[in-house]
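Got chain A sorted already, so can you dock chain B onto it with the hints?
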Amino acid sequence: MSSTVGSLLSGLASCLTPMNMFASVVGVLIGTLTGVLPGLGITGALALLLPASYGLPPATAMIMFCGVYYGAMYGGSTTSILVNIPGEGASVVTCIEGYEMAKKGRAGAALAVAAIGSFIAGTMGTIGLTFFAPLLAKAALAFGPPEYFAIATLGLILLFNISGKSPLRSALMVMIGLMIGTIGFDPMTGVSRFTMGMIELEDGIEFIILTMGLYGVGEILASICEREERGEMMKFKFRDLYPNREELKRSLPPMFRAGILGFLIGLIPGPGMTISTFASYALEKRLSKHPEEWGHGAIEGVAGPESANNAANAAQMVPLLSLGLPFNSSGALLLAGFMIHGVAPGPMLMSTQPDLFWAIIASLYIGNVLLLIINLPLVGVFASLLKIPIKILLPIVMVVTFTGAYAINSSLFDLGLLILFGAIGFILKRAKFDLAPLVIGLFLGPTIETGLIQGMIISDGNFMTLLARPLAGTMLKIGFAVILFSIGRAIYQSIKARQTAEA
Amino acid sequence: MLEKIVSGVLVVISLVYMFAAKDLAFGSFGQPGVGFMPIIVGYMGSGLSIINFISVMMKKPKNGEESDPLAQFDLVKLVKFVIGCAAYVLLLKYTGFLIATFLVLTYLLKVTEVKGWVLPVIISAGTSVGFYVVFQKMLGVLLP
Chain A
1 MSSTVGSLLS
11 GLASCLTPMN
21 MFASVVGVLI
31 GTLTGVLPGL
41 GITGALALLL
51 PASYGLPPAT
61 AMIMFCGVYY
71 GAMYGGSTTS
81 ILVNIPGEGA
91 SVVTCIEGYE
101 MAKKGRAGAA
111 LAVAAIGSFI
121 AGTMGTIGLT
131 FFAPLLAKAA
141 LAFGPPEYFA
151 IATLGLILLF
161 NISGKSPLRS
171 ALMVMIGLMI
181 GTIGFDPMTG
191 VSRFTMGMIE
201 LEDGIEFIIL
211 TMGLYGVGEI
221 LASICEREER
231 GEMMKFKFRD
241 LYPNREELKR
251 SLPPMFRAGI
261 LGFLIGLIPG
271 PGMTISTFAS
281 YALEKRLSKH
291 PEEWGHGAIE
301 GVAGPESANN
311 AANAAQMVPL
321 LSLGLPFNSS
331 GALLLAGFMI
341 HGVAPGPMLM
351 STQPDLFWAI
361 IASLYIGNVL
371 LLIINLPLVG
381 VFASLLKIPI
391 KILLPIVMVV
401 TFTGAYAINS
411 SLFDLGLLIL
421 FGAIGFILKR
431 AKFDLAPLVI
441 GLFLGPTIET
451 GLIQGMIISD
461 GNFMTLLARP
471 LAGTMLKIGF
481 AVILFSIGRA
491 IYQSIKARQT
501 AEA
Chain B
504 MLEKIVSGVL
514 VVISLVYMFA
524 AKDLAFGSFG
534 QPGVGFMPII
544 VGYMGSGLSI
554 INFISVMMKK
564 PKNGEESDPL
574 AQFDLVKLVK
584 FVIGCAAYVL
594 LLKYTGFLIA
604 TFLVLTYLLK
614 VTEVKGWVLP
624 VIISAGTSVG
634 FYVVFQKMLG
644 VLLP
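Chain order of the listed sequences is A and B.
Just so we're aligned: 414 in the working numbering is position 414 of the first sequence, and the numbers increase by one with no gaps anywhere.
Each position in the second sequence, counted from 1, maps to that position plus 503 in the working numbering.
Okay, chain B solo, but in the shape it has when bound:
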């Protein structure tokens, strides 16, 4: 199922790209314009994605083939982790590196089921201060 969805999404992306590319000037073969390469790539990508989509739709599942490639993953944990990462970007903007790293790392460690609060808090505090000292103070990297 995932294969079919991804193949379908790739068709949509390729077609959208192709139509957007057609708005750029193709020029001529002797004087290629800004859209020369994108239009060629757009047509080729669309063609390949459609052929791939048709072949995936026509494919019959083999015996013993894994039906759901996502079954081996805890998707709730995945979503929580991605949300944590997205929140990190926002927090970096508003609170700066030290606070954002401490808060988000504590959250991520809880998402990955590290028991208790003492260990996650110690790891987060140590990591954020350690990284701040190494990157900002010692290496001169400008952190947010």
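Pulled out of the complex, with its shape left as it was, chain A reads as follows:
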């Protein structure tokens, strides 16, 4: 306990240098900006910041990326409340009560409650991360490839059972991601696979390019070509920005409850941030003393979900920092940003680069404080950005994305891939295929392949030996049980649907 606090304090000290503080402010500002503006998101933010981060020391770059990660999450609430358009899945629920509050002239209060809730629950989540991540990282030092294979496999199984509407489609998307992940040199032997003779593919498909294409370019294409116009933005005055005593009193308990709920849900692989907002909304609605207000601007419906997604956001950093395994697309992207700077999060990071490990965690605390300090007074400025015509903004964002993608490898071939994956992302999303399992499948592919092959060699080809290992065996058995359960559930639902149709 005391060593954790001591390490955290030393991390805080290294974060509080002028350069690192500046990096954190820039990260939080750009993160919020990209959360507010449509078609950008965390991919756009990273595209913008990757080239800018090359000349920075790794710790400074990591601190900036963490600021983006947190800022983008908060920025989504602004569009939800003011325009009734969720920036991402985790802001969908905020639209319900937030926009209703805005229609009643309480937009400022809703935005302020979202900012305060993000700060409180985000800090609670970061405290959980501070104590949980080092424990897991220490335990993970004893993990071998079979354990990593088992954890990654279980994570993927849980992911495709939780995310999207169809586990079958999510599983298929994971497989497509794994297929793309096998393009290039085999990690064990160095033999070239599926490159079709193209030298550019020998190092495999760059994860960031694929993610920027699927999410960034795909979303820009969708936003540009959508026939529907953006909704009307609600106006608010600066003096209305602060919630009154009654609103604050009603918001605080949901924020604390959401902090705990969001953190616990965020630990489960999958779209924890989105799920936590729905869970918090349902919980607060059930506990509310003002049931008549729900659907008409209940402030608890903004405070709970907006807090929950920030706590879940921090929780999702636990496997990312301690195991080097991300289970959501923004986490995978953050990790990719780390790796570009030669930083490989995982159990070894805490023992080999403790300063960096604790600086990253400390930067999350600082990011939370900065979000509150910057966003409350600047919310009007951020909201006014929504007035910029989308038809001017998005072509410029596209150029930024291309410049960021080019800077990674100085490769025009990567830009071709960016367009290709952008078009694929646009089409897959319209055909109701979830993109996150594909991205995570690609990212975890090498870990799964290396773990599986080394595990098979260690066990001399006997899969039962793998199942006999305490942790790996338990994880794999849980995975099998989840698969059997989802197959059973699908059969039951199909029979029930047929019976209903016949009746």
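Hint data in this document are derived by calculation from the structure and do not stem from the laboratory.
It should be emphasised that the depicted structure is a prediction, and the values quoted were computed from it without experimental measurement.
We put the beta carbon where it would ideally sit given N, CA and C, even for glycine.
One or more of the hints may lead you astray.
Here are a few chain B residues that face chain A, going by a calculated C-beta distance under 7 Å [unchecked claim]:
1. Glu506
2. Phe576
3. Val592
4. Leu612
Straight-line Cα separation of at most 30 Å, BS3-like style, residue types lysine-lysine; simulated pairs [to be verified]:
5. B:Lys583 - B:Lys613
6. A:Lys165 - A:Lys138
7. B:Lys563 - A:Lys391
8. B:Lys563 - A:Lys432
9. A:Lys429 - B:Lys613
10. A:Lys289 - A:Lys432
11. A:Lys496 - B:Lys562
12. B:Lys507 - B:Lys580
13. B:Lys563 - B:Lys507
14. A:Lys165 - B:Lys613
15. A:Lys496 - B:Lys563
16. B:Lys596 - A:Lys391
17. A:Lys432 - B:Lys507
18. A:Lys103 - A:Lys249
19. B:Lys507 - A:Lys429
20. A:Lys285 - A:Lys103
21. A:Lys387 - A:Lys429
22. A:Lys432 - A:Lys496
23. B:Lys640 - B:Lys580
24. A:Lys165 - B:Lys507
25. A:Lys429 - B:Lys583
26. B:Lys618 - A:Lys387
27. A:Lys432 - B:Lys562
28. A:Lys391 - B:Lys613
29. A:Lys387 - A:Lys104
30. A:Lys496 - A:Lys165
31. A:Lys387 - B:Lys563
32. A:Lys103 - A:Lys289
33. A:Lys477 - A:Lys138
34. B:Lys613 - A:Lys387
35. A:Lys138 - A:Lys391
36. B:Lys580 - A:Lys429
The following label-pair restraints were derived from C-beta to C-beta distances [stated by the list, open to error]:
37. B:Val637 - A:Ser351: 24 to 32 Å
38. A:Ser351 - B:Ile516: 36 to 44 Å
39. B:Gly533 - A:Arg227: 56 to 64 Å
40. A:Leu9 - B:Gly629: 40 to 48 Å
Just chain B now, with coordinates in the frame of chain A:
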């Protein structure tokens, strides 16, 4: 319809991958070869894509379900925009960052129906010069 087409394409991709993977050495369970993982993934992906395709083909449309998910998009604008992006890659190679960005950004702004010529030209010139100064001169990023 789009769902059916995409599901069909995924079956083709998975099968092509599976057959290509079979050309790689599987090895044995005790000594996995270079094709060990691809072959497993190929079979699983093919199986899942076929099940998905069958379920999509057998699915009856529900009342009120959107028939064409692309109806809300202006596809001509989409194609023009993608062509602009593809042209950008080529222009970057032959003309360099400044000229390519100016030309393509002007084109993209016209595709997105920004009125007149003065505003698109000013935005494009400002953006290309601004980005060049920030990325190449200040941040040291090697632009084409």
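Now the hints, each set against the structure:
For the restraint placing Glu506 of chain B at the interface with chain A, the shortest Cβ-Cβ distance is roughly 5 Å, inside the 7 Å limit, so the hint holds. Given the 7 Å rule on beta carbons, the hint for Phe576 of chain B holds: about 4 Å separates it from the nearest Cβ of chain A. With its C-beta approaching chain A no nearer than about 5 Å, Val592 of chain B sits inside the 7 Å limit, and its interface hint holds. The interface hint given for Leu612 of chain B is met, as the beta carbon of that residue sits about 5 Å from the closest beta carbon of chain A, less than 7 Å.
A C-alpha spacing of about 10 Å is found between Lys583 of chain B and Lys613 of chain B, which places the hinted pair at or below 30 Å, so the restraint holds. About 36 Å separates the Cα atoms of Lys165 of chain A and Lys138 of chain A, which puts this hinted pair outside 30 Å; it is violated. Taking the CA atoms of Lys563 of chain B and Lys391 of chain A, the gap is about 38 Å. The hint is violated against a cut of 30 Å. The straight-line distance between the Cα atoms of Lys563 of chain B and Lys432 of chain A is roughly 16 Å, inside the 30 Å bound, and the hint therefore holds.
Between Lys429 of chain A and Lys613 of chain B the alpha-carbon distance is near 26 Å, which keeps this suggested pair within the 30 Å criterion. For the hint linking Lys289 of chain A to Lys432 of chain A, the alpha-carbon distance of about 38 Å lies beyond 30 Å, and the restraint is violated. Of the pairs offered as hints, the one joining Lys496 of chain A and Lys562 of chain B holds, with about 15 Å between alpha carbons and a cut-off of 30 Å not exceeded. This hinted pair checks out: Lys507 of chain B and Lys580 of chain B have alpha carbons roughly 24 Å apart, not beyond 30 Å.
At roughly 12 Å between alpha-carbon atoms, Lys563 of chain B and Lys507 of chain B fall within 30 Å of each other, so this suggested pair holds. This hinted pair does not check out: Lys165 of chain A and Lys613 of chain B have alpha carbons roughly 38 Å apart, beyond 30 Å. Pair hint Lys496 of chain A plus Lys563 of chain B holds up; C-alpha atoms about 16 Å apart against a cutoff of 30 Å. The hinted pair formed by Lys596 of chain B and Lys391 of chain A meets the criterion: a straight-line CA distance of about 26 Å does not exceed 30 Å.
The hinted pair formed by Lys432 of chain A and Lys507 of chain B meets the criterion: a straight-line CA distance of about 11 Å does not exceed 30 Å. With a CA separation close to 22 Å, the supplied pair Lys103 of chain A and Lys249 of chain A stays within the 30 Å bound. A threshold of 30 Å between alpha carbons decides the hint, and for Lys507 of chain B with Lys429 of chain A the separation of about 13 Å falls inside it, so the pair holds. Our distance criterion of 30 Å between C-alpha atoms is met by Lys285 of chain A and Lys103 of chain A, whose separation comes to about 20 Å.
For the suggested pair Lys387 of chain A and Lys429 of chain A, the alpha carbons sit about 27 Å apart, so the restraint of at most 30 Å is met. For the suggested pair Lys432 of chain A and Lys496 of chain A, the alpha carbons sit about 24 Å apart, so the restraint of at most 30 Å is met. Among the hinted pairs, Lys640 of chain B with Lys580 of chain B is inconsistent with the structure: their alpha-carbon atoms are about 34 Å apart, more than 30 Å. For the hint pairing Lys165 of chain A with Lys507 of chain B, the CA-to-CA distance comes to about 17 Å; that is within 30 Å, so the pair holds.
With a CA separation close to 20 Å, the supplied pair Lys429 of chain A and Lys583 of chain B stays within the 30 Å bound. Between Lys618 of chain B and Lys387 of chain A the CA atoms are separated by roughly 17 Å; this keeps the pair inside 30 Å, and the hint holds. Only pairs whose Cα atoms come within 30 Å are accepted, and Lys432 of chain A paired with Lys562 of chain B is accepted, the gap being roughly 14 Å. A hinted pair counts as satisfied when its Cα atoms are at most 30 Å apart, and Lys391 of chain A with Lys613 of chain B qualifies at roughly 9 Å.
Proximity of Lys387 of chain A to Lys104 of chain A is assessed by CA-CA distance (about 21 Å); at most 30 Å being required, the pair is judged to hold. Between Lys496 of chain A and Lys165 of chain A, the direct Cα distance comes to roughly 18 Å. Compliance with the 30 Å bound is thereby established for this hinted pair. As the CA atoms of Lys387 of chain A and Lys563 of chain B are separated by approximately 42 Å, the hinted pair breaks the 30 Å bound. Between the alpha carbons of Lys103 of chain A and Lys289 of chain A the distance comes to roughly 22 Å, so the proposed pair stays at or under 30 Å and holds.
Only pairs whose Cα atoms come within 30 Å are accepted, and Lys477 of chain A paired with Lys138 of chain A is accepted, the gap being roughly 24 Å. Distance restraint check for Lys613 of chain B and Lys387 of chain A: the Cα-Cα separation of roughly 20 Å lies within the 30 Å cut-off, and the hinted pair is therefore satisfied. Straight-line distance between C-alpha atoms of Lys138 of chain A and Lys391 of chain A comes to about 50 Å, which puts the hinted pair past the 30 Å bound. For the hint linking Lys580 of chain B to Lys429 of chain A, the alpha-carbon distance of about 18 Å falls within 30 Å, and the restraint holds.
At roughly 38 Å, the beta carbons of Val637 of chain B and Ser351 of chain A sit outside the given window of 24 to 32 Å. Separated by about 42 Å at the C-beta atoms, Ser351 of chain A and Ile516 of chain B satisfy the suggested range of 36 to 44 Å. The hinted range of 56 to 64 Å is satisfied by Gly533 of chain B and Arg227 of chain A, whose Cβ atoms lie roughly 59 Å apart. At roughly 46 Å, the beta carbons of Leu9 of chain A and Gly629 of chain B sit within the given window of 40 to 48 Å.
The structure fails hints 6, 7, 10, 14, 23, 31, 35, 37 (numbered hints given earlier, in ascending order).
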